[in-house]
Amino acid sequence: KFSLYPLFAKEAEGLFHIKTAGTSYLVALEVVAERAPELFREIYRLSVERFAEDRVSYHLSTNTAALPSPEGLSDEELRRLLEEPDPRQVLHVAYGSVLQSPLGDELKRVLLDHESDYISLLERHLGRHLELLGVRG
1 KFSLYPLFAK EAEGLFHIKT AGTSYLVALE VVAERAPELF REIYRLSVER FAEDRVSYHL
61 STNTAALPSP EGLSDEELRR LLEEPDPRQV LHVAYGSVLQ SPLGDELKRV LLDHESDYIS
121 LLERHLGRHL ELLGVRG
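Under our numbering, the very last position in the sequence shown is 137; numbers go up by exactly one each time.
Think of the hints as simulated: they come from the structure by calculation, not from any bench.
Backbone N, C-alpha and C fix where the C-beta goes; we use that ideal spot for every residue, glycine too.
Misleading hints may appear alongside valid ones.
[What the hints assert, rightly or not] The calculated label-pair distances, taken between Cβ atoms and stated as ranges, are:
1) Gly134 with Glu76: 34 to 42 Å
2) Glu34 with Asp105: 27 to 35 Å
3) Gln100 with Gly134: 20 to 28 Å
4) Arg128 with Lys108: 19 to 27 Å
5) Glu53 with Gly14: 16 to 24 Å
6) Ser69 with Glu11: 40 to 48 Å
[To be verified] Derived DMTMM-like pairs: lysine to aspartate or glutamate, alpha-carbon spacing no greater than 20 Å straight-line:
7) Lys108 with Glu42
8) Lys108 with Glu131
9) Lys10 with Glu123
All chains should be modelled from the sequences, with the hints used to inform the complete structure.
Printed below as a string of structure tokens:
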């Protein structure tokens, strides 16, 4: 998608809207995976459990048979789930289920406790999007 951004920005002549809620949530999960791996493990477990229902409004080609069990993963392997397409989609699609569950409050607490980490990751990630779209801060 990043390769399309410069062309998109040129054709739209600067008149566009970027949806970042999903990106912001996945960045939040990066912080949780780093700072609270057991919570991330629970979020991943819930996301897998809820995936069949949560995915109904999305057109996805997720290979659920390839999803690893959270119990067998080290903390480092948990963090890498966010880099793999199938687990990343599962985590992304289940954001509503996670945020509406008791895990949502725990996630918010971790983000508040590590706010500077979250801000730094958001700036880096969203900055890349904005730079390729030609947006200047």
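- prompt: Among the hints numbered above, which are violated by the structure, and what are their numbers in rising order?
  reply: Those not satisfied are hints 2, 3, 5, 8 and 9.
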